[in-house]
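4 protein chains.
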Amino acid sequence: MIVRLVHGTTEETVRDLQESLEREGLRVLRSRERSRPILALAGKMPKGLVESLTSRPDVEDVTKPMGELLLVARSMRERPSVVDVGSVKVGGGTVVVIAGPCSVEGREHVLSVARQVRDAGAHLLRGGAFKPRTSPYQFQGFGVEGLRQLKDAGEATSLPVVSEIMDAADLPAFLEHDIDCLQVGARNMQNFSLLKAIARAGKPVLLKRGLAATVEEWLHAAEYLAEGGCERILLCERGIRTYEKATRNTLDLTVLPLMREWTHLPLLVDPAHAAGIARIIPPLSRAAIAAGADGVAVEVHENPAEARSDGPQALLPAELVHLVAESRVMAAATGRSLHAPSRG
Amino acid sequence: MIVRLVHGTTEETVRDLQESLEREGLRVLRSRERSRPILALAGKMPKGLVESLTSRPDVEDVTKPMGELLLVARSMRERPSVVDVGSVKVGGGTVVVIAGPCSVEGREHVLSVARQVRDAGAHLLRGGAFKPRTSPYQFQGFGVEGLRQLKDAGEATSLPVVSEIMDAADLPAFLEHDIDCLQVGARNMQNFSLLKAIARAGKPVLLKRGLAATVEEWLHAAEYLAEGGCERILLCERGIRTYEKATRNTLDLTVLPLMREWTHLPLLVDPAHAAGIARIIPPLSRAAIAAGADGVAVEVHENPAEARSDGPQALLPAELVHLVAESRVMAAATGRSLHAPSRG
Amino acid sequence: MIVRLVHGTTEETVRDLQESLEREGLRVLRSRERSRPILALAGKMPKGLVESLTSRPDVEDVTKPMGELLLVARSMRERPSVVDVGSVKVGGGTVVVIAGPCSVEGREHVLSVARQVRDAGAHLLRGGAFKPRTSPYQFQGFGVEGLRQLKDAGEATSLPVVSEIMDAADLPAFLEHDIDCLQVGARNMQNFSLLKAIARAGKPVLLKRGLAATVEEWLHAAEYLAEGGCERILLCERGIRTYEKATRNTLDLTVLPLMREWTHLPLLVDPAHAAGIARIIPPLSRAAIAAGADGVAVEVHENPAEARSDGPQALLPAELVHLVAESRVMAAATGRSLHAPSRG
Amino acid sequence: MIVRLVHGTTEETVRDLQESLEREGLRVLRSRERSRPILALAGKMPKGLVESLTSRPDVEDVTKPMGELLLVARSMRERPSVVDVGSVKVGGGTVVVIAGPCSVEGREHVLSVARQVRDAGAHLLRGGAFKPRTSPYQFQGFGVEGLRQLKDAGEATSLPVVSEIMDAADLPAFLEHDIDCLQVGARNMQNFSLLKAIARAGKPVLLKRGLAATVEEWLHAAEYLAEGGCERILLCERGIRTYEKATRNTLDLTVLPLMREWTHLPLLVDPAHAAGIARIIPPLSRAAIAAGADGVAVEVHENPAEARSDGPQALLPAELVHLVAESRVMAAATGRSLHAPSRG
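Heads up: the protein sequence lines correspond to chains A, B, C and D, in order. For what it's worth, our numbering labels the leading residue of the first sequence as 2, then goes sequentially. For what it's worth, our numbering labels the leading residue of the second sequence as 2, then goes sequentially. For what it's worth, our numbering labels the leading residue of the third sequence as 2, then goes sequentially. For what it's worth, our numbering labels the leading residue of the fourth sequence as 2, then goes sequentially.
It is worth saying that the hints were derived from the structure and are not from the lab. There are no misleading hints in this set.
Intra- or inter-copy, both count: the list cannot distinguish identical chains.
Only pairs whose alpha carbons sit at most 30 Å apart, straight line, appear in this in silico DSS-like list of lysine-lysine: (1) Lys-204 to Lys-90; (2) Lys-65 to Lys-204; (3) Lys-197 to Lys-90; (4) Lys-45 to Lys-246; (5) Lys-246 to Lys-65; (6) Lys-246 to Lys-197; (7) Lys-65 to Lys-197; (8) Lys-197 to Lys-45.
A quick note: this is a predicted structure, and the numbers were derived from the prediction, not measured.
Input sequences plus hints: build the corresponding full structure.
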């Protein structure tokens with residue numbers, strides 16, 4: 002249950018209420034909302050409590066979020082949240098483009114791609130240093146060295162960087178290299194140990210939807226992050242597994258508008274992993290923004306045929322320029338605007 | 002295999018080639034393309050035939066379409082086809098909106114909805130007279146009387162009408178009431194007897210994707226129509242069945258751009274059956290058009306709570322006005338335009 | 002709602018009750034159960050009616066079946082129903098094996114297969130004369146001539162025959178050739194016009210589960226048959242469409258025990274269409290019987306590599322002998338027995 | 002590629018061959034097979050190598066396993082492998098039953114259940130100390146204390162114990178309490194960091210199939226374990242996510258016989274997580290064994306309604322007795338036998 006208090010409720014009143022609720026055996030969580038106090042209650046609600054809360058003059062309303070959501074539930078904020086990733090603000094009426102190589106493949110390579118990503122007008126640089134691969138005999142990424150190269154490329158272009166973390170044991174390396182946003186991949190969406198470990202790191206986390214996760218499971222995975230202390234969470238739809246094999250996955254834009262009702266978190270879309278085919282990424286990016294996404298994440302490579310991973314779904318730099326232009330048009334067509342370019 | 006001849010090839014040459022191919026045991030189908038002769042070959046290709054055809058000076062190229070597609074294959078036409086439904090042209094750079102009640106519920110009711118559909122700027126009037134319902138104890142539609150009421154409402158508003166046909170035995174009634182477009186519903190997509198029967202009727206057919214049909218099956222169902230003589234076919238994506246139950250179905254926009262490569266047929270999207278929830282239809286309509294759809298089909302009801310079927314996914318007339326306006330914006334944002342309004 | 006009256010309730014009492022319920026606006030259906038009267042009520046239940054029925058001394062109980070099921074609901078019978086197909090009784094503690102070629106491919110061919118099917122100990126002969134094929138350019142079956150050949154082979158071996166009907170217009174031919182059981186294929190499971198048409202034919206109907214039909218949809222399709230007058234219905238699970246492509250479909254044995262609670266109809270399993278690979282059919286047949294199926298349906302061909310359709314999933318006659326033997330073992334292991342062999 | 006050498010090939014010859022292959026840039030893995038040397042080659046095969054290997058007189062054959070499988074591929078062993086878990090041998094012609102509470106709920110509770118599990122004739126005791134739960138506000142298990150209680154109960158009953166590990170950081174606790182088999186749950190099937198970490202622990206690992214993992218992904222996850230040094234791996238099918246919601250998941254027995262061709266690892270089935278409903282577990286267990294499973298894993302609770310997790314799918318102790326008896330019958334019906342009971 003989420004209890005919104007009226008504007009102007011004093012901190013003392015809030016504390017009294019919180020204590021009385023805790024005496025009822027409930028765990029009470031506070032919203033980060035500044036305009037008014039909002040409390041979320043975890044645990045078994047005593048009988049009659051909702052009614053008694055609702056009848057208080059200092060309570061605006063009491064609502065039941067989807068499932069057991071609390072901290073990420075829509076009603077914990079007055080409006081959808083805006084998440085700072087370095088200098089970039091995700092959510093809140095602008096559209097961002099995240100781009101970069103699937104894998105960091107070397108210092109020169111990632112720097113070159115980073116410059117093209119920045120010149121194309123994208124806002125965040127992505128690149129994998131630790132790669133989850135189906136087979137142990139496939140390229141597993143350059144590890145810590147990849148993180149260093151990615152961050153250097155990001156600094157050279159003034160682009161905040163995003164990279165996937167697969168193991169809590171790697172967290173110190175991510176922090177040492179000041180990776181701006183930790184990505185949790187689809188396969189680890191319900192790796193609750195990982196979620197708990199990185200929640201405490203003080204970094205933004207981009208949480209991809211699991212291969213066949215329900216929206217309910219996905220949002221509760223985000224709740225694990227929030228409950229663990231993570232204050233900046235981004236969600237990223239990347240296609241779900243269906244019977245249809247014409248494309249790698251099926252992009253689930255259908256739930257996007259519903260998610261707006263269930264959570265205040267920004268919603269990104271990765272059309273590349275859904276499609277698996279570079280040439281259909283542009284129309285899918287347009288569709289994602291038209292459906293309301295706060296941004297799209299794509300992969301770029303100067304020579305997709307030689308990419309160490311996921312080449313078939315990598316855009317050429319020139320195609321990224323076009324995609325950013327189209328994203329600007331789509332943002333405008335839905336009453337928003339493209340995020341300002343990097344100052345690099 | 003599809004054999005495109007060079008521009009200017011004489012009819013005599015085409016006939017000679019056709020006869021020689023038929024002597025090889027092949028069935029030869031002619032494209033309706035006017036700018037140049039194109040032949041499609043059905044049957045087992047004799048060894049070496051492709052090479053010998055390719056080497057002919059009057060053959061531009063020989064291509065292998067997806068699966069066993071021929072008449073609906075993209076390479077059978079120079080450009081995507083435009084389908085006339087009454088006075089409305091579907092495909093070819095404009096975007097259409099199809100709207101109307103899920104079920105025709107009475108003379109006054111459908112006429113009132115039709116007027117609002119026309120006033121909102123939609124182009125085709127839809128309405129069900131024969132309703133496929135999961136249970137035999139649910140409302141099954143008003144049958145022939147419903148067709149009459151729908152057509153009358155269409156005439157009063159100068160809107161061509163679309164209605165679902167479930168049984169070949171009802172075809173005479175559809176023809177008698179001059180229903181402008183026959184809809185084949187998701188459950189009948191592979192009802193090959195029905196497809197064969199209506200293919201000969203000389204009417205446009207709107208073929209919905211099956212509940213869990215692959216794109217390959219869907220396009221081959223369209224090929225049944227084309228092979229049976231139907232020259233005007235519209236395809237309509239309506240969401241596929243997946244594990245995700247937050248929405249009724251999952252709209253598969255991911256394959257839309259691929260379908261453009263496989264077929265010349267116009268592609269429509271019905272976001273209502275995918276969503277199952279009226280309030281998320283507008284963003285899904287925007288996404289569909291952004292992904293390249295030639296139009297969207299939605300349901301409208303003045304009092305959704307009292308609709309005889311599918312009330313939860315029906316738009317109010319005022320919401321339709323808004324959806325048409327957004328469709329215009331999306332058409333423009335993708336370099337197209339909304340189809341001109343009905344002249345009614 | 003289903004109302005079971007106490008044993009010995011007079012016919013007069015039943016009629017009085019029926020009339021009074023009809024006056025309440027309900028449609029009243031009678032069970033074919035002989036040991037006691039059972040009534041099923043279709044329509045909107047007036048308030049308080051369940052309570053007043055329950056309180057009557059001549060009412061044993063009032064139960065709510067799954068969904069809108071009535072005639073096929075489990076509670077309409079004292080025990081699971083036994084369906085006569087020619088001389089074969091399906092259900093009720095015996096296990097049957099249905100076998101035959103996917104397509105009838107000629108008089109000699111089907112007769113030869115029929116003899117091997119009978120000699121192997123199978124009970125019903127299946128064979129397709131009308132074949133639903135994905136593409137219009139694939140072999141569509143020999144039609145009426147195929148029905149004749151199948152029936153002749155069945156008579157020569159004293160095996161009742163089962164064949165798929167795709168079009169109500171073909172029903173006279175099925176009746177003229179006295180096909181013992183009409184099969185409705187997966188693609189037509191919700192072809193309600195076909196269901197209504199064949200329900201009146203007085204023949205047993207084998208209803209396959211749709212490609213991606215829920216159990217609820219499947220049972221309601223059976224209800225269409227029952228409501229239309231069909232008194233002998235067999236259900237046949239044949240694998241559902243999932244993301245897993247290692248096999249053609251995924252056999253859904255999980256719902257089999259639940260279906261026993263929801264319907265009194267016999268439950269068959271076709272492991273061949275699920276597997277798509279002949280060599281894994283025997284273990285799947287064992288599993289189906291172990292899960293409680295009343296029988297299995299398989300395809301047999303003397304030379305699978307040359308079959309006109311579905312060769313990869315056809316068993317050799319010798320493999321059928323083995324499968325029947327294993328079915329006998331599995332029937333015994335689950336407290337049942339294999340049906341007695343044909344008397345031919 | 003997997004290279005089987007002829008029986009009697011000397012160790013010296015094997016080493017020479019191995020060195021020459023490594024000079025070609027290949028990684029060479031040795032099978033644990035004792036009857037003859039078998040080598041698996043990882044990496045890009047030089048052109049002509051397969052032919053030259055095949056032509057050697059000391060090479061029996063060279064085969065290509067499914068995907069990139071090597072160590073777990075069927076051809077790495079002469080016959081399916083038998084895995085020792087404590088005193089229990091899984092695979093190789095016997096059938097085992099794994100049972101225990103979903104969660105360890107206290108010292109007395111787990112000891113009581115363990116005694117009933119042993120008395121029922123089951124072979125391994127399962128119980129969760131670390132529970133992966135969708136929501137952070139649900140019971141997360143008793144952690145290390147749960148491991149201790151589980152192991153004590155196992156020792157008191159002479160039953161080896163199985164428990165789920167979610168975090169590599171917990172591995173020391175699992176080793177300290179001598180948990181006999183580490184379970185990797187569905188959500189962590191592709192948590193490659195966890196797989197790599199526990200592979201080195203020298204313990205048997207039970208790897209559950211992911212929620213919507215393909216068989217190919219699942220087997221490659223097992224290959225991660227094997228490549229990391231794990232010599233005792235058990236696979237456990239637990240139902241896949243499909244559109245059908247009548248049951249919690251859909252048990253995929255269809256692929257079981259195919260997996261026998263692809264891997265030598267023992268195959269278990271957990272019918273409880275597929276079904277989600279206790280009363281349908283017995284027929285599904287029978288089906289699993291009939292399809293060839295080497296054992297089944299179920300949950301038992303003395304008072305399911307009060308279980309801390311998954312109560313609806315827990316069997317009563319008396320039901321477990323019945324299930325073990327049926328497993329014995331099914332093992333016999335498929336030419337195998339139930340594993341001997343614990344000596345406790």
